[in-house]
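Read off the chains here:
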Amino acid sequence: MKMLNPVFRKDMRVLFRNIKVYIGLTIYLLILVFITNSILKMINLNSYNGFNPEYVMGAYLTMLGFQMLVITFVIPAFTSSSISGERERQTLDFMLITRMKTFDIVLGKLMSSIMLVCLMIVASMPVYAVIFYYGGVSVINFLFNTVFLIIYSAFIGSIAVFFSTIFKKTAAATAVSNLFVIGLSIGTATAAGTIITVCSLVGVNDIARSIAGIICVALISLNPVVSFVSVIDTQLGSDLTWEFIGGLLDSSIDIPFLQVWHIVLIMYMLVTFLLLKAAAINLRPIKKSGRKNKNIRKTADPENN
Amino acid sequence: MLKIEGLVKRYGKFTAVDGLDLEVSRGSIYGFVGPNGAGKTTTMKIMAGLLRADGGSVYIDGIDVSADTDMLKQKIGYMPDFFGVYTDLRVDEYMDFYAGTYYIPYEERREIIDNLLEIVDLSHKKKDYVDSLSRGMKQRLCLARSLIHDPEILILDEPASGLDPRARIEMKEVLKQLSTLDKTIVISSHILPELAEMCTEIGIINHGKMIDSGSVTEIMSHISKERVVEIKPVDKKAELITLLEQMPNVGNITDNTFYVSFSYRGDDSGLSYILTNVVSEGIPVLSFHEKEGNLEDIFMQLTGGEDNENA
Ligand SMILES: Nc1ncnc2c1ncn2[C@@H]1O[C@H](COP(=O)(O)OP(=O)(O)O)[C@@H](O)[C@H]1O
Ligand SMILES: [Mg+2]
Chain A
1186 MKMLNPVFRK DMRVLFRNIK VYIGLTIYLL ILVFITNSIL KMINLNSYNG FNPEYVMGAY
1246 LTMLGFQMLV ITFVIPAFTS SSISGERERQ TLDFMLITRM KTFDIVLGKL MSSIMLVCLM
1306 IVASMPVYAV IFYYGGVSVI NFLFNTVFLI IYSAFIGSIA VFFSTIFKKT AAATAVSNLF
1366 VIGLSIGTAT AAGTIITVCS LVGVNDIARS IAGIICVALI SLNPVVSFVS VIDTQLGSDL
1426 TWEFIGGLLD SSIDIPFLQV WHIVLIMYML VTFLLLKAAA INLRPIKKSG RKNKNIRKTA
1486 DPENN
Chain B
24 MLKIEGLVKR YGKFTAVDGL DLEVSRGSIY GFVGPNGAGK TTTMKIMAGL LRADGGSVYI
84 DGIDVSADTD MLKQKIGYMP DFFGVYTDLR VDEYMDFYAG TYYIPYEERR EIIDNLLEIV
144 DLSHKKKDYV DSLSRGMKQR LCLARSLIHD PEILILDEPA SGLDPRARIE MKEVLKQLST
204 LDKTIVISSH ILPELAEMCT EIGIINHGKM IDSGSVTEIM SHISKERVVE IKPVDKKAEL
264 ITLLEQMPNV GNITDNTFYV SFSYRGDDSG LSYILTNVVS EGIPVLSFHE KEGNLEDIFM
324 QLTGGEDNEN A
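Going line by line, the protein sequences match chains A and B. Heads up, the final residue of the first sequence is numbered 1490 in this note's numbering, and it's a clean run with no missing numbers. Heads up, the final residue of the second sequence is numbered 334 in this note's numbering, and it's a clean run with no missing numbers.
Do not rely on the hints blindly, as some may be mistaken.
Unchecked claim - Cut-off 30 Å, straight-line C-alpha distance, at most; resulting in silico cross-link-like pairs (DSBU-like, lysine-lysine):
| id | chain 1 | residue 1 | chain 2 | residue 2 |
| --- | --- | --- | --- | --- |
| 1 | B | Lys149 | B | Lys161 |
| 2 | B | Lys98 | B | Lys26 |
| 3 | B | Lys36 | A | Lys1354 |
| 4 | B | Lys36 | A | Lys1187 |
| 5 | A | Lys1286 | A | Lys1462 |
| 6 | A | Lys1205 | B | Lys161 |
| 7 | A | Lys1187 | B | Lys26 |
| 8 | A | Lys1286 | B | Lys161 |
Said to hold, decoys possible - Footprint (simulated), chain B over chain A, 3 or more residues, beta carbon under 8 Å:
| id | segment |
| --- | --- |
| 9 | 1246-1256 |
| 10 | 1261-1269 |
| 11 | 1312-1318 |
| 12 | 1352-1364 |
If you're looking for bench data, these hints aren't it; they were derived computationally from the structure. For every residue, glycine included, the Cβ atom is placed at its ideal position computed from N, Cα and C.
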């Protein structure tokens, strides 16, 4: 019989008893209603000659942007205490001595932060309902955005879980998680820029250009703004990211089956997995390596738990 | 059952555990005693697999635990000296969580949890929030938690520390009950008398080294090489003291108004020789007896008396 991850199960019990969660969701919903309401008002003002479904789509995608923004800042605040909080509360050792693999512990923590995002999506239902009422947005759009938000929250959550295993203080883990997202955005953009510059300096052929293009897209897709644009792109039927990178590389990349959002989702899932693995290794009280060679182990090893 | 060989643990340049050897036989209650900072917690964390040793090995039933951590986790139950609880969980939910971490099937949990809460006398608190329990109750709950996977060996780090006398007694009752359940128990304490009566074996640790180990009586006999004797003369106390000063292996002669005490290193015949001398010198002896060695004195003597209550 497959068992629900025990850490997730426990955290859910605690989560639903936490009044702050309900207050947070209420505030979130109020802001969301305010934003969508303002946009829909604008739509009404602009629709003397019948109503334009594109505006509704606009409202819907703005909502996505707002949700991403909330995830980017709320998930680290919530999740970076996942491990350090257990450490501060002196309950971490109890978890580490059990038969749970450290990967399952960090996975359970990540599932909890994804659950928070699911709650957020459920809380948004009234607003979704109004938007569906206006029309112009399909159930496919809704599912697409929901899947995207969940994968995005896994990505942001895994960063927070990772730093939570590194820093003993939750505050430090939160701050560094936020800085990491910013750093990652800038760093990958710089790397992509370097590739583009090198490509233009060294004359390369078309196939090499296309490959360089895909690598650049893969890199910058870790930037939340780029991933947001890619998701809007496919839903509006445009191709902004490809065109932008293609323009810089002076090539027209045209790979019909590979869209930017595919790369975005693959990259997010890959980074999520790698960060969780790293977090799990970090959390192991006794690292596998070093156990063998007694001479190496003689060197001083400050371990502080 | 449990065996430690040449265990070493360093924190930076400081050696907290320094070539420690220890052996605990199956079914015993092993008292692991030493002053604060002796290295008890460090040793126990290594036993529980929470800390990596810098040298030496821990064996359970002859198997090196570093080679088989899964076996270690299944066989060892551990209760740390300091621990926390979750604020928003009830007692049964708390236990259920730890049952989950050992992958105990849902349908078996209820019975296991009910049994354990019964043992630690918390059945009536089952639906209470963990945070609302008293310190002693939390300690007992934590003990129940460490038993959730039915481990063979139980490692308890200062289970009685920070408890009021009544809670201590309750804790002891629970531990006595556990020893009847065929568990091998290792308990640490910085106060020897607290453990002596309930332990079948005792190991005394100081500065990361095992200084003495064995049954309580064995440890007593090791120390009793230095005996304290009290003589009560009718009079002539001054002469008695002068005489004792000339006797071999006698030290620490103290005038206690009604009697004279001295320490003596040697066997029974040497001691009787002293008595014969005293009597033949015409000193009227009313009583001559050896003072019972008290465990606490012995402990102080062994560890250099640097023990202090709270740290
Ligand atoms: N994380 C640590 N870093 C540095 N020194 C430590 C650490 N943990 C314990 N020590 C030192 O190691 C020694 C042994 O500590 P401990 O095992 O806790 O002793 P006990 O439990 O017998 O009181 C002490 O001197 C303590 O200061
Ligand atoms: Mg200690």
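* Asked: Does lysine 149 of chain B pair with lysine 161 of chain B here, judged by a C-alpha cut-off of 30 Å?
  -> Holds, because 12 Å separates the two Cα atoms, which is no more than 30 Å.
* To do: Mind checking the alpha carbons of lysine 36 of chain B and lysine 1354 of chain A for me, to see if they're no more than 30 Å apart?
  => holds (25 Å)
* Can the restraint linking lysine 1286 of chain A and lysine 161 of chain B be considered satisfied, given a maximum Cα separation of 30 Å? -> holds (26 Å)
* To do: Compare the distance between the alpha carbons of lysine 1187 of chain A and lysine 26 of chain B with 30 Å, and conclude whether the hinted pair is satisfied.
  => Roughly 36 Å separates the two Cα atoms, so the pair is violated.
* Could you grab the alpha-carbon distance between lysine 1286 of chain A and lysine 1462 of chain A and see if it respects the 30 Å cut-off? => Between lysine 1286 of chain A and lysine 1462 of chain A the Cα gap is close to 11 Å, so the pair holds against 30 Å.
* Has the segment 1261-1269 of chain A got at least three residues whose CB is nearer than 8 Å to a CB belonging to chain B? -> violated (count 0)
* Asked: Within 30 Å, alpha carbon to alpha carbon, are lysine 36 of chain B and lysine 1187 of chain A?
  -> violated (47 Å)
* Asked: Does lysine 26 of chain B lie within 30 Å of lysine 98 of chain B when you go C-alpha to C-alpha?
  -> Within the cut-off at roughly 14 Å; holds.
* For the segment 1312-1318 of chain A, do at least 3 residues have a Cβ located nearer than 8 Å to some Cβ of chain B? -> Contact hint for the segment 1312-1318 of chain A vs chain B: violated, 0 residues under 8 Å.
* Asked: Checking C-beta pairs, does the segment 1352-1364 of chain A have three or more residues closer than 8 Å to chain B?
  -> Coverage by chain B is violated for the segment 1352-1364 of chain A (0 residues, Cβ < 8 Å).
* **Whether chain B covers the segment 1246-1256 of chain A (at least 3 residues having a Cβ closer than 8 Å to its Cβ atoms)** => violated (count 0)
* Taking 30 Å as the top limit, are the C-alpha atoms of lysine 1205 of chain A and lysine 161 of chain B close enough? -> Given pair lysine 1205 of chain A, lysine 161 of chain B holds - Cα atoms ~26 Å apart, limit 30 Å.
Consistency note: the structure conflicts with the earlier hints numbered 4, 7, 9, 10, 11 and 12.
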